[in-house]
Amino acid sequence: MGRMKFLCDAERCIECNGCVTACKNEHEVPWGVNRRRVVTMNDGVPGERSISVACMHCSDAPCMAVCPTDCFYKTEDGVVLHDKDKCIGCGYCFYACPFGAPQFPNGPAAFGARGKMDKCTFCAGGPEETGSAAEYEKYGSNRLADGKLPLCAEMCSTKALIAGDANVVADIFRERVLRRGTGAEVWGWDAAYGGGERKQERKREGQS
Amino acid sequence: MSGKLKSITLAALAGTALLGLSACSEVPQVTVYEQGQYSGKADTRPWEGGAFKGDRAAWEKALKERSRGQNEYNRIQ
Amino acid sequence: MLTKKSATAATSARRLRGASARQLGQTMDRRAFLKRSGLGVGAGALATQLPYNFIGAADAATPAGAARAEGKAEIRRTICTHCSVGCAADAVVRNGVWVHQEPVFDSPINLGAHCAKGAALREHGHGEYRLKYPMKLVDGKYQKISWEQALDEVGDRLLKIREESGPDAAYFIGSSKHNNEQAYLLRKFVSFWGTNNTDHQARICHSTTVAGVANTWGYGAMTNSYNDMQNAKAMLFIGSNAAEAHPVSLLHILHAKENGAKMIVVDPRFTRTAAKAHQYIRIRSGTDVPFLFGLLYHIFQNGWEDKQYIDDRVFGMDKIREEVLAKWTPDQVEEACGVPEDQMLLAARTMAENRPSTIVWCMGQTQHSIGNAMVRASCILQLALGNIGKSGGGANIFRGHDNVQGATDVGPNPDSLPGYYGLAAGSWKHWCGVWGVDYEWVKGRYASQALMEKSGITVSRWIDGVLENKDLIDQPAGNLRAVVYWGHAPNSQTRGAEMVEAMKALDTLVVIDPYPSATASMAAMVRKDGVYLLPACTQFETTGSATASNRSLQWREKVIEPLFESKPDHTIMYAFAKKFGWADEFVKNIKLDKDAQGWDEPNIEDVLREINRGTWTIGYTGQSPERLKLHMKNMHTFDVKTLKAVGGPCDGDYFGLPWPCFGTPEMKHPGTPNLYDTSKHVMDGGGNFRANFGVEKDGVSLLAAEGSASKGADLQMGYPEFDHVLLKKLGWWDELTEAEKAAAEGKNWKTDVSGGIQRVVMKNHGCHPFGNAKARAVVWNFPDPIPQHREPIYSPRPDMVAKYPTHDDKMKFWRLPTLYKSMQDKVKDISKDYPLIMTSGRLVEYEGGGEETRSNPWLAELQQEMFAEVNPKDANDAGFRNGEYIWVESPTKAKLKVRAQVTQRVAPGTVFLPFHFSGWWQGEDMLKFYPEGAAPIVRGEAVNTATTYGYDSVTMMQETKTTLCRVSKA
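The listed protein sequences correspond, in order, to chains A, B and C.
Using the working numbering, read the first sequence as starting at -6 and increasing by one per residue.
Using the working numbering, read the second sequence as starting at 1021 and increasing by one per residue.
Using the working numbering, read the third sequence as starting at 339 and increasing by one per residue.
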C-alpha cells in the first residue's frame, strides 16, 4: 500500500461545501472547528476557482517537525495523526502548517482558552481502540479501518475531491486531464510556478 | 480483536523503506522520525483494529474497490 | 523546547504559507467575507447550544456519538429532501438512531455525490430546533397544547368559518416537500373540504414553465434529464445557477464539458456556474426575450435552423421568423438587454454548430411578470434548432424542491385535479370514480358547481385574498378568513410587508410543518391569538415516492420514527378528515395502519396504487410501489448516460420509471427518459409531440407531417389522440378484452381506467395514445401568442417602458383583480429614486425559505448572515464599504438591514440578495416572536419583505427577479 493523499480538481470544484458538511456529519465536528474548508480565488470575476483544503497529510509534515511534545505520528499509509492526550494546545503546529489545518476548539481546555488541537484525520481515527467511543469522541470515526475512504471525498458533488492511495488518485486525475485535452489544470501549478495570477489579470484586461 | 493493541514500530518500518530505497541508490524522500520521538499512545494499523481483523490484503482490496466510487468514468464512458 | 527539528521543513513551510497567504489576501470570497464580518457574534451566541468539544466527555446531546456502535446496524435508503436532482443516500440506523450517512455510489443519478445540504442530511435525525409539539398563540406567546386540543380547536374554528362564509373562505397552502402520496391526498383533502383555494411552491417556482411548455408541446416538465446532458455538445444556461441551486447536476455537466461540450451561461450575475462556462454573457435582468430572439436572429440569418424538423414537427415558426427578423435586429437586442452583436453571434454559433445542444433555465426566467413568454422563447429557440425530442438536446428545466415536480403532477393545484385533468365536470367524474365516492356528494361539498370548476386563488396572491376589497374578489365567500400553511415558507412570497397585514386580518392561521417558525414569528409579531402550530415530521420519518426533476420516481424508506410529537402529513390529514366528518370517503380504497401512538395512518403504498389507477394523462400509472422498490434495490444495473437498466431484474426499464410510464404496471412500460423522442419505439420510451390543441388552426394542419412518427408506429403520419371512436374506426377495438371493452366504452386514453386503450395503441400498434402533432411556436390562447418582451412593472428604464409596455389590467384573474398597465404607469419614473435593480437567488447551503436549513448547524455555520452583493461603483456612490451594514430600501418603503458584500459579481446598477433568510424584520431580530426553542440558528432579513407587485399574465407567477431598490449605509 502506498500513501494516502487528497487531491482537489479545481476545474471541477464548485465551492458547494459538500465536503465541509460531510466532515461535520461524519465526525460531529463542533461549530467553529473546520477540519476542511473551501477556498476561493478570484471570487466573482472570470478566473474564479475554488479548492477544498484540509490537512494534506504531508510527507514531511511541518506540524510533526515543530511539535514540542511530539504528539504527532504518521501511519504506514502516510496519514498524519496525533495524540490529543499529549497535545498541549500551544498552536505551534498551526504556525507551521501551510494550509491552516490545525484547529483549536474553544472550551474549558487545560491550557488557557484554547483547546487541544483538532484536525483532519483522513477518517482514520486516532490512538484509541479502533471503533471505540473514546476514539470517536477525541478523533471522530475511523472509516479507514472499515475499508472506506474519507467521507468528504466520497460525497464530493462533482468528484472534484479525490482521496485514497496516491497512485489511484493520480490515475483518476490523469484520465480526466487526458479527456480535457489540456495540461494539468490542478490548482497549485500556476500558483506554485508563478504566472497564474498575472495570466489571470491579462485575461481580464483582454476581456474588458 | 485480541483486546491488546499492537503498536506500530515506526522506526522498524521506516528502516525497511530506507533499505529498499538505498538499494537503488535513491535519496530517501521522507523524513524519518526516530523511534521514541512520538511520545503518544500506540495505535493499531487500520487493517488490525477494525473490520479486517489483521487481513491486510483484504483491507487493501476493499479500499481499492472503494476508490472506484470516486471515478465516474468507471460507469460512464 | 520550541526548537525546530527540521530546518528545511520549517523553511519550506514558511514559504508555502506565504504563497497561500498572498493568494488569499488578494481576494475576498463570500465565506471569508462573512467570517471576517460576523463570525464572532454567531459563534459566541451558539457556544452554549452546541456540542462544542471533542476533548470533553461524551455529550448526551449528540446521540450519534453514544449510539454509534451499539445495536444492529440497519441500512435505509432514502432520497435527499432538498433540491430536485434526487440524490440517494443510505442512512445507517442503530437502535432507532440515525448514526451515520453513507454515499450511494450505485445511484445512477448522483453516484454517491452530495452538496452541502445532501451531505448534512443526518442532522434531521437530531432536529433540535424543530417544533416539538403542538402550540397555540395565547396573548402573543406560543404555548404548548396537546394534539387532541389542537385538532379540536383548529377543526372547530375552520368548521365555523366554513359554516359562516362557505368553504372558499379557507385557503390551504400545500407543499412540494410532501411526497407524491401526501401531495395527492392533500388535493383530495381540499376537494372534500369543498374548495379549489389551494396551491404549493410550484406556483412561485416553475408555473410559467409548466404552462408555457405544456402549451408548446404537450407536457410541462423537463424534457430530458440531468444524466442526458452528458450527451449534449453545447449547453446554454439562462437564469439558472445550477452550481449553487442543483450542485450535483454539475457532476453530469462538468463531465460533459470534460468530454468536449461547450458551456454558455447567461445571467445578470457572474454566478459560480458562470465561473465554469466557456462564455459568460451578462444581460439586464428581465430581458430574456430580447436575448433569446436575438440568438434566433442570427440563426435565421445564417440558415442554421433545422428546416426539415420545423416543417415536420413545428407549427407557426414562419410567424416567429418574421417577427424576429423585423424586430430583434442586433441593435435592438443590444439596446434592450445590453449584449453586443459579436457575443450574440458567438453564442448562436455555438448552439447551432454543436448539436445536439440543450438549454437550461430556472427561476431566473420563470419569476417574471412575462415569465410565460420567456420560457416559450426558450422553447422556440430549441424548436428552431431541432433540439427537442433528441438525446443531448431538450429543454432541461431544473425544478426546485425535491418533489415539486411530483406535487405539480398530482398535488394541490388550484386549477387542476391530479394529473392535469383540469376542473371540468368530466374530470371530477373521473376522479370521483377513482376515489370511490359519489360525484354528487363531492359537488355538494362545494359552494356551487361553478366554484367547483373555477380555478382558485394562487399562493402568490393569498394575501390579496385577505386584503382586497371584498366586492372585487371573484368568489361569493369574499375574503379569505383562514389560511393553513402546510409545508410552505412565508418568506418565499413577495410583498412581505403586506403579508403581515394579511396575517393580522385573518381569523385563523394554522401552520403544519417541522419548522413553522418563519410563519409563526411573523404572525406573533402582529397578533395575540388565533395561530396554531402543528408539528409535522420530515420525509425521513415516513415513506413514499418523490419525483425528481427528470420525472423519475424514487422510493424513500422510513429512516427513523417521527421525532418528538410530530406526525406524518398524511396522518394529520386523516385526523382532520375524521374531525370534518368524511374520514371514510377520504380513504375508501386505502388501508389504515396504526402508528406507535395508536393514530390511524393511511397506507402510503395504497395511496400510490390509487394514483396509479387514476393518473393516465401523464403516465403515473405504471409506477407501482413494487416496481419502484425494485429499482431502488438495483440501482447499479442502470446505465448512467441512458438511465436504462442493462440486464438484471429491471432489464429495459429507465431508472425511476420517468413519467409518462403508461399503462398498468403489468404492461411494463419502461418509462420515458427523453420526451417526444421519435427515434425510439413508444414501448421503449419513445414519443412525439402531443395532439392537444385540435387538428387544425387557420386552415393549417396541426398534426405532424408524414414520416415523423415515433419509431415503429403503425401510423407513420400525424394523428389525433385516441378514444373509443378512433379505435373502432381503425378496427383495433376488438383487440381489447371484454372487460377492457366494458371500461373503455365512451372513454378516451385518459379516462379509460382499464388501461386497455393505452395497451392496444402502444403495445399492439406502436402509437402514442396522446396522438402525434406539431409543437406550437405560436400559442394562440395566451395573451402574447408570439412571445413579446414587456418591461417589468418596476423597470429601471422608463425609455424601455415606453417602447415595451406591460399588459392591460385584468379585473378577474384567478379570482382577483390584477394590475399591470395602471401599476406600471404609476411607477414608471420611480427609478429616479430607486435606481438599482434588485434581484434574488439561491445559495448552495440553504434551500427555499431556509428555516429548515438555517436550523441545521452544519449548514448554518457556513452562511451566518444575510447580505447583499453590490458593485464597487454603487457602493462608492452610496458611501459604504465591504462588510458594513447597509439599508436596502424598495419602492414599498420596506427596508432591509444587511451586510454589504462589495463585489464585481454583479454589474453596476444591480443588487443581488439571497432569498433564504427570515427572522429579521426591517432591522430588528424577531427572536422574541419565535416559539421557544424553535428559532433557527441563523436569522436575517427576508428579501421578500421588500419585493414589489407584479404577476405573470397566465399563471400569476410573482415577479422576484426584477424590481428596484436603493442602498445606503446603515
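Check the hints yourself; a few may be wrong.
Unchecked claim - Reference excerpt, derived from the structure (chain A facing chain C, CB under 8 Å, subset only):
hint, residue
1, -4
2, 7
3, 8
4, 15
5, 37
6, 52
7, 81
8, 122
9, 149
10, 151
11, 166
12, 167
Since the hints were derived computationally from the structure, they do not count as laboratory data.
For each residue, glycine too, the CB sits at the ideal point set by N, CA and C.
Evaluated hints:
{"no.": "1", "hint": "-4", "result": "violated (17 Å)"}
{"no.": "2", "hint": "7", "result": "holds (4 Å)"}
{"no.": "3", "hint": "8", "result": "holds (6 Å)"}
{"no.": "4", "hint": "15", "result": "holds (4 Å)"}
{"no.": "5", "hint": "37", "result": "holds (3 Å)"}
{"no.": "6", "hint": "52", "result": "violated (10 Å)"}
{"no.": "7", "hint": "81", "result": "violated (10 Å)"}
{"no.": "8", "hint": "122", "result": "violated (11 Å)"}
{"no.": "9", "hint": "149", "result": "holds (6 Å)"}
{"no.": "10", "hint": "151", "result": "holds (5 Å)"}
{"no.": "11", "hint": "166", "result": "violated (12 Å)"}
{"no.": "12", "hint": "167", "result": "violated (13 Å)"}
Checked against the numbered hints above, the structure violates hints 1, 6, 7, 8, 11, 12; every other hint is satisfied.
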